[in-house]
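Number of protein chains: 2
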Amino acid sequence: MNDLTTYIKSIGEKTDSTLEKLLPASSLYPQSIHELMRYCCFAGGKRVRPCLVVAAFEACSGKSAGEDVFKAAAAIEMLHTFSLIHDDLPCMDDDDYRRGKKTAHKAFNEALAVLGGDALCIIAFEVLAGIGKVEIISEIARSLGTMGMIGGQVVDIESEGKPVDKDIVEYIHNNKTAALIRASINTGAMLAGATKAEIDKLSSYGTHVGLAFQVVDDILDEESTTEQLGKDAGSDRERGKATFPAVMGLEQSKLYAKDLIDKAWEDIEFLGNKGYYLRELAEYIRVRIF
Amino acid sequence: MNDLTTYIKSIGEKTDSTLEKLLPASSLYPQSIHELMRYCCFAGGKRVRPCLVVAAFEACSGKSAGEDVFKAAAAIEMLHTFSLIHDDLPCMDDDDYRRGKKTAHKAFNEALAVLGGDALCIIAFEVLAGIGKVEIISEIARSLGTMGMIGGQVVDIESEGKPVDKDIVEYIHNNKTAALIRASINTGAMLAGATKAEIDKLSSYGTHVGLAFQVVDDILDEESTTEQLGKDAGSDRERGKATFPAVMGLEQSKLYAKDLIDKAWEDIEFLGNKGYYLRELAEYIRVRIF
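If you read the protein sequences in the order shown, they are chains A and B.
Taking the working numbering, the leading residue of the first sequence gets 1, the next gets one more, and so forth.
Taking the working numbering, the leading residue of the second sequence gets 1, the next gets one more, and so forth.
This is chain A alone, in the form it adopts within the complex:
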């Protein structure tokens, strides 16, 4: 069994080559939007969601991920990128940098950023349709809609600068971040033909890992420099964003992240040795802060 770093690197490379094949060429008319889509999809993302799709598939099936699994992983990465492009817009978080590069509306323009996000959302569904399983399209669409990612984003924006409690922060992050992470894991499990009972446990793992991911993100925003983050550090606090450190303090947030990862490990005890990479990925998400 490879170590986690090798595993992550290999999945990242295969996701990139799949994206390379699926995204329209930059030379294709109208070029500007295709350039934007590729600029944003190849901006140095960590490919966390593709890793979770693949690891869930491999844990449940005992097989190596093939073309369809990587197509699903690439589609989910497109959907994640779509959400980042729209989140960064002037009318939303108004961010100039992301992963150390100019955001889409800064590198191109605002109209093209809106349309490029839309196009990534649409092509992702086209790719998912090509896999041929409607239940996966339903699962992913539900995780993105107003009962999922978009709902979380709405409450996030509407809570800015207002006093919020832990319930609101949990609502935001459970929907804005954890919903698509959960859907990534469920997609891998569904492609592997996992049972309903297995998917339920993996869903719970997804919720715990997804929340932990966001707690860590919030902590990093407080504790890191702009250079380390590739985006403006401390910007959450400046904008009065609803974050875990804001409602429970930094130390409690760190303990909470640890607790969430412990729970994620419990969720996948049933996988035994097959759960190795899923456990390691959960730990990898946590240790970013320690």
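No lab work stands behind these hints: they were computed from the structure.
There may be inaccurate statements among the hints.
Note that the list lumps identical chains together, so a pair holds whenever it fits in one copy or between two copies.
Think about it this way: if two alpha-carbon atoms lie no more than 25 angstroms apart in a straight line, the pair counts; the simulated DSS-like pairs of lysine-lysine are [what the hints assert, rightly or not]:
| id | residue 1 | residue 2 |
| --- | --- | --- |
| 1 | 133 | 196 |
| 2 | 106 | 162 |
| 3 | 106 | 196 |
| 4 | 263 | 133 |
| 5 | 166 | 21 |
| 6 | 9 | 162 |
| 7 | 133 | 14 |
| 8 | 101 | 263 |
| 9 | 21 | 9 |
| 10 | 241 | 102 |
| 11 | 9 | 274 |
| 12 | 133 | 9 |
| 13 | 258 | 241 |
| 14 | 106 | 258 |
| 15 | 14 | 254 |
Quick caveat, the model's predicted, so the values are computed rather than measured.
Starting from the known structure of chain A, arrange chain B on it as the hints suggest.
Only chain B this time, still in chain A's reference frame:
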């Protein structure tokens, strides 16, 4: 056989009641985005695309449209509404009124308009997945992407205020408007189990009707008052938009619309009497200007 007005009215009512069931309730948290989605979907649209879905289904199957056909029709209307919300944004066409009502970003705010458009796009794919036919999801996604609606919108925006020829205007309208109209007809035909040869002819009908629809829209923008249109009349010319009247003049545009509808009628000769409503719908689109 009912007359066209009765037919259109009945489809509009059934589409509305389907949308009513499929859209999240305004009382559901987070309320603001659900209010926006309903505000935009029930803003008095003519339901042209649902009429084409239903008429194509009934012409090809000889049966009355049932629940799945109306679900597809409602999903396509959601996708059309998503495109209008984003088109109206300040960074795009910057329109304050649509169908006599304030546009989404004016009635609510810009962030919510971006997210509400996104949410309508996403829920539409969820609804389509519920019908269970991936080939319909592929067809509709292709028609919306950068080789379809979004591509047309990009070129439309990038052509503003620049000299354009008829080829560019045709490209814009064939993609921005005709692509989803064509997909609507193809969806109806696919739900009816039409053959490849039949779908090809209906696709051609869709292209002709879709282009005619946009030629007529351009003419109305020139010839009508703001009150008649429910949006700013003459705004295309003011903004230097690429329109048919701008490249071929008003009289030629009217002749072109007539020619397109004649061709649409030829495309569906094979349907005989079963093509009655599709012929009438094409004519209905043309006579708006005469």
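Hint by hint, here is what the structure shows:
1. For the identical chains of this complex, residue 133 and residue 196 are neighbours both inside a copy (16 angstroms) and across copies (23 angstroms), given an alpha-carbon limit of 25 angstroms.
2. Within a single copy, residue 106 and residue 162 get their C-alpha atoms only as close as 28 angstroms, which misses the 25 angstroms cut-off; across copies the closest is 23 angstroms, which meets it.
3. In this assembly of identical chains, residue 106 and residue 196 lie within 25 angstroms of each other by CA distance neither inside one copy nor across copies; the values are 44 angstroms within and 45 angstroms between.
4. Taking CA atoms no more than 25 angstroms apart as the test, residue 263 paired with residue 133 passes in neither setting, with 30 angstroms inside one copy and 38 angstroms between copies.
5. Taking CA atoms no more than 25 angstroms apart as the test, residue 166 paired with residue 21 passes in neither setting, with 43 angstroms inside one copy and 33 angstroms between copies.
6. Taking the closest pair of Cα atoms, residue 9 and residue 162 never come within 25 angstroms of each other, the shortest separation being 41 angstroms inside a single copy and 46 angstroms across copies.
7. In this assembly of identical chains, residue 133 and residue 14 lie within 25 angstroms of each other by CA distance solely inside one copy; the values are 22 angstroms within and 29 angstroms between copies.
8. For the homomeric pair residue 101 and residue 263, neither the shortest alpha-carbon distance inside one copy (35 angstroms) nor that between copies (50 angstroms) is at most 25 angstroms.
9. Taking the shortest Cα distances, residue 21 and residue 9 sit within 25 angstroms of each other inside one copy (19 angstroms), while across copies they are farther apart (45 angstroms).
10. Taking the shortest alpha-carbon separations for residue 241 and residue 102, only the intra-copy value of 22 angstroms comes in at or below 25 angstroms, while the best inter-copy value is 30 angstroms.
11. For the identical chains of this complex, residue 9 and residue 274 are intra-copy neighbours only, at 19 angstroms inside a copy versus 58 angstroms across copies, given an alpha-carbon limit of 25 angstroms.
12. Taking the closest pair of Cα atoms, residue 133 and residue 9 never come within 25 angstroms of each other, the shortest separation being 28 angstroms inside a single copy and 35 angstroms across copies.
13. Taking the shortest Cα distances, residue 258 and residue 241 sit within 25 angstroms of each other inside one copy (22 angstroms), while across copies they are farther apart (56 angstroms).
14. Proximity of residue 106 and residue 258 under a CA criterion of 25 angstroms is satisfied in neither setting, with 37 angstroms inside one chain copy and 44 angstroms between copies.
15. Taking the shortest alpha-carbon separations for residue 14 and residue 254, neither the intra-copy value of 33 angstroms nor the inter-copy value of 53 angstroms comes in at or below 25 angstroms.
Hints 3, 4, 5, 6, 8, 12, 14 and 15 from the list above are not met by this structure, while the remaining hints are.
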